Amino acid sequence: MFVTSHQAHFVEQRPVPAAYAPVAVSKRACESAVREWATEHGIDLAVVSGDMIEGTITVKLLERIEPGTMAGRLDQVGRIPTVAEFATEITAAALGPLPAATVYGGGGDYSIPPAVS
Numbered sequence: 000m001f002v003t004s005h006q007a008h009f010v011e012q013r014p015v016p017a018a019y020a021p022v023a024v025s026k027r028a029c030e031s032a033v034r035e036w037a038t039e040h041g042i043d044l045a046v047v048s049g050d051m052i053e054g055t056i057t058v059k060l061l062e063r064i065e066p067g068t069m070a071g072r073l074d075q076v077g078r079i080p081t082v083a084e085f086a087t088e089i090t091a092a093a094l095g096p097l098p099a100a101t102v103y104g105g106g107g108d109y110s111i112p113p114a115v116s
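In numbering that gives the first Met the number 0, the protein residues as written are 0 to 116.
Source of the hints: derived by calculation from the structure; they are not laboratory data. Predicted model, so just to flag it, every value in this text is computed and none were measured. Cβ atoms here follow ideal geometry from the backbone N, Cα and C, with glycine treated the same way. Any given hint could be a false lead.
Said to hold, decoys possible - Cβ-Cβ distance ranges computed for the label pairs, FRET-style:
(1) A18 with D74: 14 to 24 Å
(2) A32 with Q12: 15 to 25 Å
(3) I64 with E84: 22 to 32 Å
(4) H40 with L73: 20 to 30 Å
(5) P96 with P21: 31 to 41 Å
Using the sequences plus the hints, can you model the full thing?
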């Protein structure tokens with residue numbers, strides 16, 4: 000099990016808040032390394048990727064650094080998951096049958112390919 004954020008998981012395809020970009024790049028590098036290691040060692044791995052999670056310190060810090068970040072995300076998706084809702088996603092992935100390679104918690108728009116301009 001590897002838990003990450005949508006912003007990190009999709010950092011190569013989607014824009015992220017500037018203040019979060021170094022974290023997103025680092026987390027994505029870790030995810031890629033863990034996936035490669037698991038494959039090399041024959042280990043089944045599930046990745047759980049979550050949207051901004053309501054009430055977390057990360058969201059609070061992003062909002063402080065870049066006011067309006069949360070409102071912008073809410074405008075895009077309508078609502079974001081709570082800590083309890085995301086924990087339920089993680090628990091289901093950990094305890095249930097092995098899910099698809101990646102499970103998305105909240106903000107399914109990230110898994111839709113971006114429009115080509």
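With respect to the beta-carbon atoms only, verify the hint that H40 and L73 lie 20 to 30 Å apart.
-> For L73 against H40, whose Cβ atoms are near 40 Å apart, the range 20 to 30 Å is violated.
Is the gap between the beta carbons of A32 and Q12 within 15 to 25 Å?
-> Holds, at about 19 Å.
Look at the Cβ atoms of P96 and P21 and judge whether their distance stays inside 31 to 41 Å.
-> With a Cβ separation near 36 Å, P96 and P21 satisfy 31 to 41 Å, so the hint holds.
CB of A18 to CB of D74, is that within 14 to 24 Å?
-> Holds: the Cβ-Cβ distance is about 19 Å, inside 14 to 24 Å.
Cβ-Cβ distance between I64 and E84: within 22 to 32 Å?
-> About 25 Å separates the Cβ atoms of I64 and E84, which means 22 to 32 Å holds.
Checked against the numbered hints given earlier, the structure breaks only hint 4 and satisfies all the rest.
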